[in-house]
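If you read the sequence shown in the numbering used here, its first letter stands for residue 1126, the second for the next number, and so on.
These are calculated hints, taken from the structure and not from any lab test.
Possibly wrong hints are sitting among the right ones.
As the list claims (entries may be wrong) - What follows is a list of derived Cβ distance ranges for each label pair:
| hint | residue 1 | residue 2 | range |
| --- | --- | --- | --- |
| 1 | Lys1210 | Arg1326 | 48 to 56 angstroms |
| 2 | Val1185 | Asp1368 | 36 to 44 angstroms |
| 3 | Ser1336 | Glu1358 | 19 to 27 angstroms |
| 4 | Ala1231 | Pro1205 | 29 to 37 angstroms |
| 5 | Lys1210 | Ala1345 | 18 to 26 angstroms |
Cβ atoms here follow ideal geometry from the backbone N, Cα and C, with glycine treated the same way.
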Amino acid sequence: MKLVIVRHGDPDYTIDSLTEKGWKEAGYLAERLEKLDVKEFYVSPLGRAKDTASCTLKKVGRTAIEKEWLREFAPRINRPDRADKKTISWDWLPQDWMNQENFFHADQWWKSPVFLEAGVKQEYDWVIENFDNLLQEHGYVREGKYYSAEKANNDTLVFFCHFGLECVLLSHLLNISPMVLWHQCCAAPTAVTTVVTEERRKGIASFRMLSFGDISHLYANQESPAFAARFCEAYENSEERHD
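Let the sequences and hints guide you as you build the complete structure.
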């Protein structure tokens, strides 16, 4: 089975939709995704993801199943450097998270007092429980760290969602800490991540990532990727995004 996880287009967060550039990106994405033989489309309930999906769905004459748990990862925390303001739970300064060893471990990352106070692990568990229930509907049942291929197949599922949420799904599939993915991977708007099952012994499946954050559909149309996913490469780069 193949999972295609798509981040929404360049966002206009003020209206929970897309910028003019984001709509162009979504159009180029649709040209790419229409070539896939897709078993099912799933989409976040948030406008920016639904608008991104709309271009592909219109092109292929399909609808998507909306899933509440595909919304952006919701818990908000008092980040160590921003104790006066609630911020998203998955964006820390490197000097604040990299010196905490538990953040690098799949079974300990959530033990930070800041995360415990905000219920981050409960939200994470809710997401992956629903994700595993969906995978079970498609023939793959979680067994510890891997999956039992009860109805092995070659179906393709497409998920239109958000960067923070995508990293939660990948952390579960790949058995690694989401903190590492949140902070050291980058998925630009409309980036496509592809994960496939491998069944090296009959009935036992694991997921392997073929590509992360692919934006070749933008380059194919001479469209530069949006900088929305990144921060300045050098602090002096005033034209690039700063905190």
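Here is how each hint holds up against the structure:
1. Take lysine 1210 and arginine 1326: their Cβ atoms lie about 50 angstroms apart, and the range 48 to 56 angstroms holds.
2. Checking the proposed 36 to 44 angstroms range against valine 1185 and aspartate 1368 shows it holds: the Cβ atoms sit about 39 angstroms from each other.
3. A C-beta distance of roughly 23 angstroms is found between serine 1336 and glutamate 1358, which places it inside the suggested range of 19 to 27 angstroms.
4. For alanine 1231 and proline 1205, the Cβ-Cβ distance of about 22 angstroms falls outside the hinted range of 29 to 37 angstroms, so the restraint is violated.
5. Hint check: lysine 1210 to alanine 1345, Cβ distance near 40 angstroms, so the stated range 18 to 26 angstroms is violated.
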